[in-house]
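Participant: Given next are the chains, with one letter for each unit.
Number of protein chains: 2
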Amino acid sequence: MNKETEIPTIDDIRKAHQLISEHAHRTPVFSSKQMNEKSGGQIFFKCENFQKVGAFKFRGASNAIFSLSEDEASKGVATHSSGNHAQAVALAAKMKGIPAYIVMPENAPKVKVKAVKNYGAEVTFCESTLEARETTLDQVVERTGATFIHPYDDARIIAGQGTAALELLEDHPDLDVIIAPVGGGGLLSGTALAARSIKPDILVIGAEPKNADDAYRSFKAGELIPVQNPDTIADGLRTSLGKLPFSIITEYVDDIVTVPEESIVEAMRYIWERLNMIIEASCAVPVAAVFDGKVDVKGKKVGIIITGGNVDLDNLPW
Amino acid sequence: MNKETEIPTIDDIRKAHQLISEHAHRTPVFSSKQMNEKSGGQIFFKCENFQKVGAFKFRGASNAIFSLSEDEASKGVATHSSGNHAQAVALAAKMKGIPAYIVMPENAPKVKVKAVKNYGAEVTFCESTLEARETTLDQVVERTGATFIHPYDDARIIAGQGTAALELLEDHPDLDVIIAPVGGGGLLSGTALAARSIKPDILVIGAEPKNADDAYRSFKAGELIPVQNPDTIADGLRTSLGKLPFSIITEYVDDIVTVPEESIVEAMRYIWERLNMIIEASCAVPVAAVFDGKVDVKGKKVGIIITGGNVDLDNLPW
Numbered sequence: 000m001n002k003e004t005e006i007p008t009i010d011d012i013r014k015a016h017q018l019i020s021e022h023a024h025r026t027p028v029f030s031s032k033q034m035n036e037k038s039g040g041q042i043f044f045k046c047e048n049f050q051k052v053g054a055f056k057f058r059g060a061s062n063a064i065f066s067l068s069e070d071e072a073s074k075g076v077a078t079h080s081s082g083n084h085a086q087a088v089a090l091a092a093k094m095k096g097i098p099a100y101i102v103m104p105e106n107a108p109k110v111k112v113k114a115v116k117n118y119g120a121e122v123t124f125c126e127s128t129l130e131a132r133e134t135t136l137d138q139v140v141e142r143t144g145a146t147f148i149h150p151y152d153d154a155r156i157i158a159g160q161g162t163a164a165l166e167l168l169e170d171h172p173d174l175d176v177i178i179a180p181v182g183g184g185g186l187l188s189g190t191a192l193a194a195r196s197i198k199p200d201i202l203v204i205g206a207e208p209k210n211a212d213d214a215y216r217s218f219k220a221g222e223l224i225p226v227q228n229p230d231t232i233a234d235g236l237r238t239s240l241g242k243l244p245f246s247i248i249t250e251y252v253d254d255i256v257t258v259p260e261e262s263i264v265e266a267m268r269y270i271w272e273r274l275n276m277i278i279e280a281s282c283a284v285p286v287a288a289v290f291d292g293k294v295d296v297k298g299k300k301v302g303i304i305i306t307g308g309n310v311d312l313d314n315l316p317w
Numbered sequence: 000m001n002k003e004t005e006i007p008t009i010d011d012i013r014k015a016h017q018l019i020s021e022h023a024h025r026t027p028v029f030s031s032k033q034m035n036e037k038s039g040g041q042i043f044f045k046c047e048n049f050q051k052v053g054a055f056k057f058r059g060a061s062n063a064i065f066s067l068s069e070d071e072a073s074k075g076v077a078t079h080s081s082g083n084h085a086q087a088v089a090l091a092a093k094m095k096g097i098p099a100y101i102v103m104p105e106n107a108p109k110v111k112v113k114a115v116k117n118y119g120a121e122v123t124f125c126e127s128t129l130e131a132r133e134t135t136l137d138q139v140v141e142r143t144g145a146t147f148i149h150p151y152d153d154a155r156i157i158a159g160q161g162t163a164a165l166e167l168l169e170d171h172p173d174l175d176v177i178i179a180p181v182g183g184g185g186l187l188s189g190t191a192l193a194a195r196s197i198k199p200d201i202l203v204i205g206a207e208p209k210n211a212d213d214a215y216r217s218f219k220a221g222e223l224i225p226v227q228n229p230d231t232i233a234d235g236l237r238t239s240l241g242k243l244p245f246s247i248i249t250e251y252v253d254d255i256v257t258v259p260e261e262s263i264v265e266a267m268r269y270i271w272e273r274l275n276m277i278i279e280a281s282c283a284v285p286v287a288a289v290f291d292g293k294v295d296v297k298g299k300k301v302g303i304i305i306t307g308g309n310v311d312l313d314n315l316p317w
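One line per chain: the protein sequences are A and B, in this order.
Going by numbering that gives the first Met the number 0, the first sequence opens with residue 0, and the numbers climb by one from there.
Going by numbering that gives the first Met the number 0, the second sequence opens with residue 0, and the numbers climb by one from there.
Excised from the complex, chain A in its bound form (with noise of 0.2 Å):
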């Protein structure tokens, strides 16, 4: 395939699986009686938030990564990403031996810009706008040669984050539906294509804040409809959908709900006190769209993939 813009296939991904495992952490998958009463349905999480890096995002960049040619890779990587892509790309490249360059907003959070710097990755920073991001990553993929890799518009991302899934359905194979939020892309394409493939009558369900809802109205519209500034909690799903991601979405995904701030903040709330687990608000935009009955889950069995657990704790949202 032509590993940027195809749709990668089930064998794309189950080889992206092969190639990270080694690296990448296989997490748990838990579930809770508590929360099972309370929807009605039998929910089990994917748990990501335990991944390398915090969030299923290692997936993606490492499949990318390893999946370079040598001389790709002798050159290195480069992305612009103020969250957990950059993190993930940083460690994989170190993991890898190799160069990378993350180009990051001046008003990046300090822990991340820090977390991305232990690494070993170099940082330039740039204005705080899409355009001076992707200007920046120009001029610094034209100086070093590097490999620009993208957060979710790829195929080896995709298939490298369709790895949860499968190794979610390889846990509890007989799932009815499974949830993914939906940012970028990446993750829920790659699910799609994950369960689909192996399970063909599964239920495959988009989740998305109210306030980012990009993705809903594009999905419905049957064309791409960015969103501009986005004011969500969830601030891994404030990115427009991806021109991939979005095609994979229109064949493979059932449907795409959405749900208010309040029941972001409520449902991830819950998952902290009864899970004993940090997510943050993106994951919980799956479990909000459960409670608020967007998803019918009664007497069935849910997969919901929790994608990460990077918050700052000096900022909680109660």
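I should point out that these hints are in silico values taken from the structure, not numbers from a laboratory.
You can take every hint at face value.
Identical chains share a label here; the pair holds if one copy fits it or two copies do between them.
Calculated pairs, BS3-like style, for lysine-lysine (alpha carbon to alpha carbon, straight line, at most 30 Å):
no., residue 1, residue 2
1, 32, 109
2, 293, 242
3, 37, 93
4, 93, 300
5, 32, 74
6, 209, 299
7, 74, 113
8, 116, 93
9, 219, 209
10, 219, 300
11, 297, 116
12, 299, 95
13, 116, 299
14, 300, 95
15, 116, 95
16, 32, 95
17, 242, 95
18, 111, 297
On the provided structure of chain A, position chain B as indicated by the hints.
Facilitator: For chain B alone, kept in the frame of chain A given last:
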């Protein structure tokens, strides 16, 4: 054996494990590369914060309750506790289908009272002194004929708590050191019995807040020296060491170390941030002992029992 007052054997712990294994979770063991790099050892966390009721206490309580005779069981069980043991007894009794009578101080956190009531237990309130708790408990036992399930000074409880170390050593048989926090001593004594029976040359260390160092002082003095209303954030460890645990700890534990409050808070936050899991302050005590160099872990394989994750998210210590 006299099931309440004699030192349990490894066989008792194995029997406990068989008895509770269909009720309790086999909790996962986590590790963190960052934690290993920071400490210089290989640290394995046995995650009882993911146990039922969010704490290891469920192991002991369910062992005690499921090993009652049918005659004893029919009259129910009773205890006094404002913490995790109350919830553990309430849930295990519910599973066994027998009544639970819990004496709680009238100033117990509402959320804990609610949790106990949700498990169907009958709650009797009393003044917040040990004397009032014991008197009220005696009245409840008198009235109902229920069996008193002591939180730690009971061989069935100790055998149950020892099953966490049993599982940890099944997963990682080559541990050099195992560390557990010590309050009443049920967990530390059960851990010591299990660990030293399975691997006689393992080092067993208890970790205690400096502000509640009765176990440390008792251990050094060779006699029980109780503590009065100690002021520590590690609320699970404010209890004084029990008689039976003390006799076991004297024989089977290699050392008890203490840590200051600020180290406990720092270690707690470290685990929240790096492992993305919610732990109580009590669990942070062994972690703090490692960071403060109170236990030599360099180049060693070290097991730490993470005891529970029930915290008030509105009152975090940072």
